[in-house]
Amino acid sequence: MARIIAGVGTSHTPAIGAAVDNGKTDQPYWQPLFKGYEPSKRWMAEAKPDVVIMVYNDHVNAFDFKIVPTFALGCAEEFPIADEGWGARPVPIVKGYPELAAHLVQSLVLDEFDMTICNEMQVDHGLTVPLTLLFGTPQAWPCRVIPLAVNVIQYPAPTGHRCYMLGQAIRRAVERWPEDLKIVIFGTGGMSHQIQGPRAGLTNPAFDKAFLDGLSQDPERLVRIPPIEYLREAGAEAIELVMWLIMRGALGPRVEEVYRFYHIPASSTAVGHIILENR
Amino acid sequence: MTVPQQQEAYEDIPGTWIFDAQRARIGYHLNEFLYSLMKAENRKAFLANEREYLMRFKLTEEQREAVLRRDWNRLLELGGVSYALAKLAFTDGKSYQYMASQMTGMTEKEYVEMMLKGGRAPDGWRSKSERPQARTDRPEAR
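Just so you know, the sequences run in chain order A and B. If you use numbering that gives the first Met the number 0, the first sequence corresponds to residues 0 to 278, in order. If you use numbering that gives the first Met the number 0, the second sequence corresponds to residues 0 to 141, in order.
It should be emphasised that the hints constitute simulated quantities derived from the structure, not laboratory data. Hints may contain errors.
[Claimed, not checked] Simulated pairs of lysine to any residue, SDA-like, Cα-Cα distance not exceeding 25 angstroms:
id, chain 1, residue 1, chain 2, residue 2
1, B, Lys108, A, Lys208
2, A, Lys208, A, Gly251
3, B, Lys43, A, Gln121
4, A, Lys47, A, Gly251
5, A, Lys23, B, Lys43
6, B, Lys38, A, Asn150
[Unchecked claim] Label pairs and their in silico Cβ distance ranges:
id, chain 1, residue 1, chain 2, residue 2, range
7, A, Tyr28, B, Ala120, 16 to 24 angstroms
8, B, Glu107, A, Leu109, 49 to 57 angstroms
9, A, Gly135, B, Gln21, 38 to 46 angstroms
10, B, Ala44, A, Arg220, 26 to 34 angstroms
11, B, Ala120, A, Lys34, 46 to 54 angstroms
12, A, Glu178, B, Met54, 54 to 62 angstroms
13, B, Glu107, A, Arg175, 48 to 56 angstroms
14, A, Thr115, B, Lys38, 22 to 30 angstroms
15, A, Gly251, B, Leu67, 22 to 30 angstroms
16, A, Ile92, B, Glu112, 49 to 57 angstroms
17, A, Lys34, B, Gly92, 28 to 36 angstroms
Since the model is a prediction, treat every value here as computed from it, not as a measurement. For every residue, glycine included, the Cβ atom is placed at its ideal position computed from N, Cα and C.
Please put together the full structure from these sequences, using the hints given.
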């Protein structure tokens, strides 16, 4: 049986990818951040997942506004890296797992989550930056990746409650897959940040800490946070944190927090990171 | 259980234009123009003659003027979404951080320094009711 062994929450700020791609990780601005992910890379090297389910959002790269899917599952053999306007990131192409993705779609739709199926899709920094942070800079990514793109750009984003229930449905689907696979699910984006308007640059470490605490101790509390509270307390783009609740929902009721890291800033973002092992 | 979020709650957040379904509707062609700047040949054509390039898209004249002026906050108000606007900043050879600093009325250096000190605290920025100058943060929609 396939199993979700752990969940990873992490920011996916594009400037982090650019810092790696341009060899700036040792600069004083970036060094503390990358140091904070060293234990995570070691953890991932030991965890050796066969598959990563990457919950992320596209940033007007794969999707413009002709079609705005709320939940889109990548079912392709591979996913090319998007040119977001300054050239594609020099990272390996992302290999999918079409058989498992097709199973997830079937299972999720029958479980009342109406997924959009993407048989061709480019992936942007929302997906590649978390891979870089946890796997470093290999010649090829060491596992297959199933992208799950969530609309958090055009409001309203799906509610935290809906996201949490989707995570639970993903878990049920995975556990019906007969192959013996180790799966790590990522929830990405956030944490507190706002990158638009006169209020840009807003951060809220207290909100972020409470969110991280809730992930490991009381996810049901986080599920009840109304969407407007993310915007008011933690910035317009902090709504991305609902994607972390898909990750948390896909884990069991009992988890062990094995690592946490928090840092300000990466560009305009408060960077948060957590690793939760399923118990 | 959460309740559907209403426009009024979005509108109450100072210094912010929430990209909801109504704003997305107003900004559709503006964002399609910005999306076109993902391609190098389009960036070149735009820079060669901005107004002419803009005429290829069904923008309102107000939106065109705001693009030409790089009036970032006005573009947000007229339905531009920040990730798409970033493609205009990149076309100009500027960073996202530069664009964000322009939106706040700071220099890029001041903005970076604010972030290095931990960013902007939410106090005073949660609601227009605690921010009397909100009117200047957010010009009224016409």
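Evaluated hints:
For the given pair, Lys108/B sits about 28 angstroms from Lys208/A by alpha-carbon distance, which is inconsistent with the 25 angstroms threshold. This hinted pair checks out: Lys208/A and Gly251/A have alpha carbons roughly 21 angstroms apart, not beyond 25 angstroms. Under the criterion of a C-alpha separation no larger than 25 angstroms, the hint pairing Lys43/B with Gln121/A is consistent with the structure, at around 23 angstroms. Between Lys47/A and Gly251/A the CA atoms are separated by roughly 20 angstroms; this keeps the pair inside 25 angstroms, and the hint holds.
Under the criterion of a C-alpha separation no larger than 25 angstroms, the hint pairing Lys23/A with Lys43/B is inconsistent with the structure, at around 29 angstroms. For a cut-off of 25 angstroms, the pair hint linking Lys38/B to Asn150/A stands: about 23 angstroms separates their Cα positions. Distance hint check for Tyr28/A and Ala120/B: the Cβ-Cβ separation is about 21 angstroms, which falls inside the suggested range of 16 to 24 angstroms. Between Glu107/B and Leu109/A the beta carbons are some 51 angstroms apart, a value that agrees with the proposed interval 49 to 57 angstroms.
For the hinted restraint 38 to 46 angstroms between Gly135/A and Gln21/B, the CB-CB distance of approximately 43 angstroms keeps it satisfied. For Ala44/B paired with Arg220/A, a C-beta distance near 52 angstroms fails the hint of 26 to 34 angstroms. At about 26 angstroms, the beta-carbon gap between Ala120/B and Lys34/A misses the expected band of 46 to 54 angstroms. For Glu178/A and Met54/B, the Cβ-Cβ distance of about 55 angstroms falls inside the hinted range of 54 to 62 angstroms, so the restraint holds.
For the hinted restraint 48 to 56 angstroms between Glu107/B and Arg175/A, the CB-CB distance of approximately 52 angstroms keeps it satisfied. The hint said 22 to 30 angstroms for the Cβ distance between Thr115/A and Lys38/B, and at roughly 25 angstroms that hint holds. Distance hint check: the CB atoms of Gly251/A and Leu67/B are about 55 angstroms apart, inconsistent with the given range 22 to 30 angstroms. Between Ile92/A and Glu112/B, the C-beta spacing of about 39 angstroms breaks the proposed range 49 to 57 angstroms.
A hinted range of 28 to 36 angstroms holds for the C-beta pair Lys34/A and Gly92/B, which are about 31 angstroms apart.
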